[in-house]
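Peer 1: Protein sequences appear in the order of chains A and B. Number 368 in numbering that gives the first Met the number 0 belongs to position 369 of the first sequence; there are no gaps in the numbering. Number 335 in numbering that gives the first Met the number 0 belongs to position 336 of the second sequence; there are no gaps in the numbering.
It should be emphasised that the hints constitute simulated quantities derived from the structure, not laboratory data. Any given hint could be a false lead.
[Claimed, not checked] A short, non-exhaustive set of chain B residues, derived as facing chain A with CB atoms under 8 Å:
1) VAL33
2) ARG35
3) SER36
4) ILE42
5) PRO51
6) ALA111
7) THR126
8) ALA134
9) PRO140
10) LEU143
11) THR187
12) LYS208
13) CYS210
14) VAL214
Only a predicted model underlies this, so the values are computations on that prediction, with no experimental measurement involved. Built from N, CA and C at the ideal position, the CB exists for glycine as well.
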Amino acid sequence: MKPSRAAGRLTPAPENFLDAGQIAAVQAGRREFLRGAFLAAAAAIAAPEAEAATQAGDPAILELPEHSRGLGQPVVARGYGLPSQFEKNLQRRESPGLTRVGAASVSFAPLQGLFGIITPSGLHFERHHQGWWDIDPSRHRLMVMGMVRQAKVYTMDDLMRLPAVSRMHFIECGANTAMEWGNVSVPTVQYTHGMLSCCEFTGVKLATLLDDCGFDRRNGRFVLAEGADGSSLTRTLSMERALDDGMVAWAMNGEMLRPENGYPLRLVAPGIQGVSWVKWLRRIEVGDQPWGTKDEVVHYVDLMPDGTLRQYTSIQECKSVITSPSGGQFLLDKGFYNVTGLAWSGRGRVKRVDVSADGGRNWRTARIESPVLPKCLTRFNIDWVWDGGPAILQSRAIDETGYVQPKISQLRAVRGKRSIYHNNAIQSWKVAESGEVSNAQVY
Amino acid sequence: MLRSISRAWVPAFAAMALALAGASAALAGPYPGVGRSATPAEIAAWDIDVRPDFKGLPPGSGSVTQGRKVWDDKCASCHGTFGESNEVFTPLVGGTTAEDLRTGRVKSLVSADVARTTMMKLSSISTLWDYVRRAMPWNAPKSLSTDEVYAAVAYLLNLGDIVADDFVLSDANIAEVQARLPNRNGMTRDHGMWDVRGKPDVANVACMKDCAVEVNVSSIFPESAKGAFGDIAQQNRGVGATRSGRGDKAAPALAVAKASSMDDVASRGGCLACHSIDKRVVGPAFKDVAAKYRGEPGSEAKLVEKVLNGGGGAWGSIPMPPNPALAESDAHALVRWVLGL
Numbered sequence: 000m001k002p003s004r005a006a007g008r009l010t011p012a013p014e015n016f017l018d019a020g021q022i023a024a025v026q027a028g029r030r031e032f033l034r035g036a037f038l039a040a041a042a043a044i045a046a047p048e049a050e051a052a053t054q055a056g057d058p059a060i061l062e063l064p065e066h067s068r069g070l071g072q073p074v075v076a077r078g079y080g081l082p083s084q085f086e087k088n089l090q091r092r093e094s095p096g097l098t099r100v101g102a103a104s105v106s107f108a109p110l111q112g113l114f115g116i117i118t119p120s121g122l123h124f125e126r127h128h129q130g131w132w133d134i135d136p137s138r139h140r141l142m143v144m145g146m147v148r149q150a151k152v153y154t155m156d157d158l159m160r161l162p163a164v165s166r167m168h169f170i171e172c173g174a175n176t177a178m179e180w181g182n183v184s185v186p187t188v189q190y191t192h193g194m195l196s197c198c199e200f201t202g203v204k205l206a207t208l209l210d211d212c213g214f215d216r217r218n219g220r221f222v223l224a225e226g227a228d229g230s231s232l233t234r235t236l237s238m239e240r241a242l243d244d245g246m247v248a249w250a251m252n253g254e255m256l257r258p259e260n261g262y263p264l265r266l267v268a269p270g271i272q273g274v275s276w277v278k279w280l281r282r283i284e285v286g287d288q289p290w291g292t293k294d295e296v297v298h299y300v301d302l303m304p305d306g307t308l309r310q311y312t313s314i315q316e317c318k319s320v321i322t323s324p325s326g327g328q329f330l331l332d333k334g335f336y337n338v339t340g341l342a343w344s345g346r347g348r349v350k351r352v353d354v355s356a357d358g359g360r361n362w363r364t365a366r367i368e369s370p371v372l373p374k375c376l377t378r379f380n381i382d383w384v385w386d387g388g389p390a391i392l393q394s395r396a397i398d399e400t401g402y403v404q405p406k407i408s409q410l411r412a413v414r415g416k417r418s419i420y421h422n423n424a425i426q427s428w429k430v431a432e433s434g435e436v437s438n439a440q441v442y
Numbered sequence: 000m001l002r003s004i005s006r007a008w009v010p011a012f013a014a015m016a017l018a019l020a021g022a023s024a025a026l027a028g029p030y031p032g033v034g035r036s037a038t039p040a041e042i043a044a045w046d047i048d049v050r051p052d053f054k055g056l057p058p059g060s061g062s063v064t065q066g067r068k069v070w071d072d073k074c075a076s077c078h079g080t081f082g083e084s085n086e087v088f089t090p091l092v093g094g095t096t097a098e099d100l101r102t103g104r105v106k107s108l109v110s111a112d113v114a115r116t117t118m119m120k121l122s123s124i125s126t127l128w129d130y131v132r133r134a135m136p137w138n139a140p141k142s143l144s145t146d147e148v149y150a151a152v153a154y155l156l157n158l159g160d161i162v163a164d165d166f167v168l169s170d171a172n173i174a175e176v177q178a179r180l181p182n183r184n185g186m187t188r189d190h191g192m193w194d195v196r197g198k199p200d201v202a203n204v205a206c207m208k209d210c211a212v213e214v215n216v217s218s219i220f221p222e223s224a225k226g227a228f229g230d231i232a233q234q235n236r237g238v239g240a241t242r243s244g245r246g247d248k249a250a251p252a253l254a255v256a257k258a259s260s261m262d263d264v265a266s267r268g269g270c271l272a273c274h275s276i277d278k279r280v281v282g283p284a285f286k287d288v289a290a291k292y293r294g295e296p297g298s299e300a301k302l303v304e305k306v307l308n309g310g311g312g313a314w315g316s317i318p319m320p321p322n323p324a325l326a327e328s329d330a331h332a333l334v335r336w337v338l339g340l
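Using the sequences and the accompanying hints, generate a full structural model.
Peer 2: Printed below as a string of structure tokens:
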């Protein structure tokens with residue numbers, strides 16, 4: 000009559016509600032305090048075995064809950080829907096100590112709790128350079144100028160009349176995983192990889208706007224994008240990238256952009272680090288040289304071991320990470336697990352993802368879920384049975400150019416430990432016999 | 000060219016804008032009726048970028064001496080009197096030598112124990128000029144005059160021992176400064192991460208079986224740091240394979256502290272650039288202010304006066320700047336909120 004516990008689920012076992020002294024008490028046969036201890040815990044989960052022994056089954060089944068016996072809420076109780084009250088643990092979070100000023104900081108997406116490849120708009124990571132604004136779209140303007148036949152001004156009305164495209168792309172900050180160049184310094188995948196999101200964007204191709212203004216095809220080799228916020232952040236894009244798949248987007252995941260993501264207009268620069276996806280976009284300039292802006296000369300430069308700074312390291316190279324099981328989680332039982340994660344490449348499609356459970360000695364190829372799109376997150380899954388022993392989980396992505404995601408030791412051999420940006424190393428999660436999963440480096 | 004047009008011309012351009020808007024339907028292009036031509040005044044208003052070849056640099060000048068005044072008034076509270084402060088932002092100057100000025104490569108960039116300053120990395124002086132004009136001061140970007148930008152940049156260059164105390168920076172001599180910049184030769188674009196077809200600098204191979212790797216855990220998240228990231232168990236969902244935590248009591252939903260609306264007012268008012276609720280930033284923590292003044296007769300009026308008109312001396316050498324844009328009612332509400340923390 001005991002409800003069976005499927006081996007391998009991350010079910011909290013009864014002993015995990017108890018401290019060592021309480022477990023000793025149970026073993027000595029003193030169980031009377033258990034009832035009280037379990038009452039709180041049992042509310043939301045299957046009845047623990049000790050309780051179930053006295054019952055005909057799971058109270059979640061036997062005692063009909065209020066929602067099965069009463070009248071629920073009407074339509075439009077919330078004009079704009081919200082996540083369940085039980086989902087509050089998944090929040091964007093700042094990494095303690097990483098930045099000092101909230102208006103020039105970053106919040107990380109909770110990758111450990113997300114499914115598929117689309118990031119919910121409200122959990123998209125944030126990076127602001129001088130604070131965010133909620134700009135009145137009727138007063139927003141985009142100017143396209145520089146080496147063009149006709150410098151033009153577009154209102155949002157104008158832009159939304161133009162031929163629109165919808166594309167799914169990942170956006171990753173160039174500094175994602177930056178804290179891990181030297182050694183492990185953060186506990187969970189939210190902080191190691193959470194400057195990563197993926198959405199469907201709708202907007203007009205940058206090529207459409209450049210054509211409309213008659214850009215100089217011979218000498219116009221670069222494009223400058225500029226934001227309307229206080230920082231008026233500027234980034235140079237090569238004309239080749241601009242014309243290939245650059246977009247000026249107003250929509251994200253079927254709704255307008257969120258203010259934190261650049262409402263009402265942002266640049267989408269597929270495959271290129273997030274800083275180039277200029278938010279609150281106000282101006283596009285065509286020119287014949289790069290602009291050497293602050294975020295191209297002083298920041299977003301990769302320091303090499305000989306002291307040289309690499310400028311314009313824009314492409315986000317192929318990378319992957321297991322999102323579950325991942326750092327900060329516990330495996331409480333031996334048995335079956337679905338190991339799942341994300342892979343992506345700024346150079347195109349993900350071709351394959353391999354997963355190792357023994358620290359990289361042996362690998363198996365994971366299942367890749369569709370869709371598999373260029374410069375877009377790709378979800379992978381693979382079966383794994385944990386034997387209860389120590390394990391080290393890793394994923395390794397290969398993109399359509401044949402590039403294989405590198406080990407941290409290979410990256411360090413070329414770039415040292417102080418380049419901050421573009422750490423796309425294989426991530427290791429160490430599983431201890433206790434079931435605790437921790438962030439580790441093994442190469 | 001455009002930027003040399005004097006302000007007297009602006010009204011004329013406004014009239015022109017109307018004329019152009021009327022004519023826009025006639026613009027040749029693939030999307031008739033969409034968008035209109037930009038007026039010269041509009042372009043001049045927004046085209047503020049300055050490139051490394053100094054395209055876009057407006058004429059003007061500013062001395063180190065003038066720069067020191069701009070600095071003390073508008074920059075020092077965040078960056079420190081000598082641009083050395085590591086309190087709010089990372090230091091702007093330091094780490095460069097006279098030898099670097101000669102070679103154009105900052106030697107200390109190879110040292111692991113030297114914190115990187117702006118001046119150590121800067122390869123083009125235009126970058127600094129452009130950024131100061133577009134984004135500084137922190138809470139009032141684009142408020143400096145052209146000459147003030149020249150002066151502030153001149154002062155920073157002086158702090159970096161790149162120009163003398165009596166130097167006057169101008170559009171005419173900025174190229175000479177470029178030729179003295181300590182890290183002018185310290186950068187490269189010779190890598191495969193700008194072109195989407197560029198050649199990667201590392202090459203792993205996809206070994207599948209019995210791969211020759213030595214699996215040594217070289218680094219693991221330290222037990223001692225666990226508390227620093229809050230309760231990790233409460234950063235996972237309460238059901239499913241991604242729940243976390245030993246002793247995870249049915250993963251109670253995280254009680255998310257509701258940000259008070261005054262938080263918002265403080266943020267919008269720019270207060271949070273220098274203050275935070277519970278720790279000292281540039282100015283004192285709000286909670287420390289509350290502890291000091293709470294219950295003191297007349298403290299509210301006294302603090303409102305400081306918030307609106309500035310003050311100094313109570314918490315150290317950095318003065319509280321005036322906040323003329325803040326409504327008096329907001330100032331009262333803010334002070335009452337702070338005193339109640």
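Peer 1: If a hint holds in the structure, say so; if it does not, say that too.
Peer 2: Here is how each hint holds up against the structure:
no., hint, in the structure
1, VAL33, "5 Å, holds"
2, ARG35, "6 Å, holds"
3, SER36, "6 Å, holds"
4, ILE42, "6 Å, holds"
5, PRO51, "4 Å, holds"
6, ALA111, "7 Å, holds"
7, THR126, "4 Å, holds"
8, ALA134, "5 Å, holds"
9, PRO140, "4 Å, holds"
10, LEU143, "13 Å, violated"
11, THR187, "5 Å, holds"
12, LYS208, "6 Å, holds"
13, CYS210, "5 Å, holds"
14, VAL214, "3 Å, holds"
Hint violations for this structure: number 10 only, all remaining hints satisfied.
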